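Residue numbers (numbering that gives the first Met the number 0), protein chains in the order written: chain C, 0 to 152; chain B, 0 to 501.
These are computed hints drawn from the structure, not numbers from a lab.
Note that this is a predicted model, so its numbers are computed, not measured.
Treat each hint with caution, since some may be false.
Computed cross-link-like contacts, DMTMM-like style, restricted to lysine to aspartate or glutamate with a CA-CA straight-line distance of at most 25 Å [what the hints assert, rightly or not]:
id, chain 1, residue 1, chain 2, residue 2
1, C, K129, B, E85
2, C, K47, B, E89
3, C, K16, B, E85
4, C, K50, B, E89
5, C, K48, B, E90
Non-contacting residues of chain B with respect to chain C, defined by C-beta distances greater than 10 Å in every case (computed) [what the hints assert, rightly or not]:
id, residue
6, C37
7, R66
8, A74
9, D134
10, Q146
11, G250
12, K317
13, R365
14, H379
15, Q436
16, Q449
17, I455
Beta carbons are placed, not taken as given, at the ideal position from N, Cα and C, and that holds for glycine.
Listed below are the residues making up each chain.
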Amino acid sequence: MSEFKATASTIINLAEKFEDDSASFYEKLAERFEKDKAVFLSIAQESKKNKVLVVRTYRETITDALEACFSFEGLDLKKYAVEAKLGERASYAEALKTAIDLEDKISRFYSDAAELSKNLLATIPAAFRKVAERRNSRIRVLESLLNKSKAKP
Amino acid sequence: MAILDEPIKDVLTIKNYVDGEWVESEGELVNVVNPANCKVIAKAPISTGAEINAAVEAAKKAFPEWRKTPPLARARCLFRLKELMEERFEELSRVQTMEHGKTIDESRGETRRGIENVEVAAGVPSLMMGYNLEDIAAGIDEYLIRQPLGVFGIIGPFNFPFMVPLWFAPYAVATGNCIVVKPSSEDPISQTKIAELTEEAGFPSGVWNVVNGGRSVVSGMLEHSGIQGICFVGSTPVAKDVIYSRCGETGKRVIAQAGAKNFLLVMPDANFDNTIAACMTSFFGNAGQRCLSGANLLVVGEGLNDREYDVFYAKVLKAFVDAASRIRVGYGLDESVQMGPLRDKGKKERVVGFIEKGIEEKAKLRLDGRKLKLVGTWPHTCFLNPTVFEDVTPDMTIAKDEIFGPVAAVMKARSLDEAVDIIHASPFGNAASIFTQSGKLAREFQYRVQCGNIGINIGIVAPMAFFPFSGMKDSFFGTLHGQGQEAVRFFTESKVVIQRWF
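Only chain C is shown next, with the shape it has when bound in the complex:
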């Protein structure tokens, strides 16, 4: 059992932070790497929608009867620590690798939180799973960009 207790409120706040940080990270990528600007801006926009989805679902679902403070017991938040920052001199490939790592960790956060709470909360795990799927789709997109960049001479 992790020492730090993950209440529903903590988890939602962390999800909000992940989405905010992701949005600004991809906006910066869009500024830096003009050629894939549209892709990065679209991902940033999706993060903003994810945030709305997660917060709305939480507020519409949370009730005192749904084991609100105990739903995420055992979730070790340290596992999902991410740095959504881009080094000043990071190359395009390095930026994509950072992004893939970010998506992987955040996707696992959403999947693990959904799994832990599936028996106690109602719609929140479904929303988490949806965001996790979106994050996994991003990984595929980012990997494809990375492969393309490697293929070029």
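Mind docking chain B on chain C? Use the hints.
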């Protein structure tokens, strides 16, 4: 972890809301204290008899016009109220944590439950419909219409300062009645906030009134001939001997929801991890201050031999105590906290008295909540950690009386029959839950147990807004219950018309 921003910065002076005006009371002011940090956050009045009368008169005056307002227009006021509550969701929730002490997750849950009642009541054009039948005799038709009665009084408890009055108020006004709400004097701020929103939502003056105070205000409401009915949630002695009794004498309708002593049964085939998690919220959520809290955990040995039962009992007890001992107690605006303080010092002292009684009566203290372990540095005044007793027998005080605090009594029952007998020996009948994988046992439990709210693998049996909040025996006095269709029936008179045209 950082404390969330507190929405109340300065000491508020609570006013009454009467006839669409914010009126300063002439009564004595009492402090409203945040139980986590012991700071005064508001001063609330104990309103005078004249002030109660003024509120009832304002409601009476508003009634004829409001009654004539089309149900759809009344519903639109509720839709606007809902929207405003959604906009202010976070502020309303944090206020509850500040004035009551519950965790922010619990407060948000309470806000949601309150809003759900506004949503359901907004369906009044359908909910209030009557019914009819043609040709009950040659050329004669008969139909039923529901009509509002006038003015209702709503008396709220301290443990759910936002939600409980909303079990009644939205339905009362949706059906065309006018109301006078009396919040608990211990935590009246939420109801002030709601009244502010009703004003913004465009409810006409006098439809929704709030008068603050204590017992004298309750007496004033009970004695007032202009009030048609009372909705009350509180302790059994008051519900039975004061509210129910006096409403009977004065001919008022009444919903009086009262105390509880709820049993949770763990059967040998229960899903273990989920059961323990559900038990934590049930016994220790809201610091045990709710009428649906688990109080007695019955470990049932149905189908087990003696040795198997001992092993099962020890396993449940260990997991329960371990989980309870890990609960983080502190200020509810710290998001990592899972249990807040008791509402005030007196309530803590009362709970401590029960712990001492349990020790005196030879129950075994497995976890002593008096030994405080808090998250953060807060005055110890209102805090307790979870307490668990084992070897509790049904005749002990801690097994019988409503403690209304974070104290669990673990008891043994060798069979479901014995467990049901133990439940039925209690004068209360609010809620009971069974944790099992067996549909047969669950069905038998549901069928036999004399409690108004039955949980099957549910720790807190809180009915949703579209179901009545039930209760039996000494846990409920009245006929119809709050919430949903029953509330609509409570707030309306059924009028039957038989018509023939020559």
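Hint-by-hint comparison with the structure:
1. Distance restraint check for K129 (chain C) and E85 (chain B): the Cα-Cα separation of roughly 24 Å lies within the 25 Å cut-off, and the hinted pair is therefore satisfied.
2. Restraint check: the Cα-Cα separation between K47 (chain C) and E89 (chain B) comes to about 20 Å, which is no more than 25 Å; the hinted pair holds.
3. For the hint linking K16 (chain C) to E85 (chain B), the alpha-carbon distance of about 22 Å falls within 25 Å, and the restraint holds.
4. For the suggested pair K50 (chain C) and E89 (chain B), the alpha carbons sit about 16 Å apart, so the restraint of at most 25 Å is met.
5. Of the pairs offered as hints, the one joining K48 (chain C) and E90 (chain B) holds, with about 23 Å between alpha carbons and a cut-off of 25 Å not exceeded.
6. Non-interface call for C37 (chain B) relative to chain C: holds, since the shortest CB-CB distance, roughly 23 Å, exceeds 10 Å.
7. No Cβ of chain C approaches the Cβ of R66 (chain B) within 10 Å, the least distance being about 33 Å, so the stated non-interface status holds.
8. The Cβ of A74 (chain B) sits about 20 Å from the closest Cβ of chain C, beyond the 10 Å cut-off, so the non-interface label holds.
9. Distance check on D134 (chain B): its Cβ is at least 47 Å (rounded) from any Cβ of chain C, clearing the 10 Å threshold; non-interface status holds.
10. Q146 (chain B), annotated as away from the interface, keeps every beta carbon of chain C farther than 10 Å; the closest lies near 33 Å.
11. Distance to chain C confirms G250 (chain B) as a non-interface residue, since its nearest Cβ pair spans about 35 Å, more than 10 Å.
12. Non-interface call for K317 (chain B) relative to chain C: holds, since the shortest CB-CB distance, roughly 14 Å, exceeds 10 Å.
13. Annotated as non-interface, R365 (chain B) keeps its C-beta farther than 10 Å from every C-beta of chain C; the closest such distance is 19 Å.
14. Residue placement check: H379 (chain B) keeps its beta carbon more than 10 Å from all beta carbons of chain C (closest about 21 Å).
15. For Q436 (chain B), the condition that its CB be more than 10 Å from all CB atoms of chain C holds, with the nearest at approximately 13 Å.
16. The Cβ of Q449 (chain B) lies farther than 10 Å from every Cβ of chain C, with a closest approach of about 22 Å, so its non-interface assignment holds.
17. With a least beta-carbon separation of about 13 Å from chain C, I455 (chain B) lies farther than 10 Å from that chain, consistent with its non-interface assignment.
Violation of the numbered hints given earlier is absent; every hint is satisfied by the structure.
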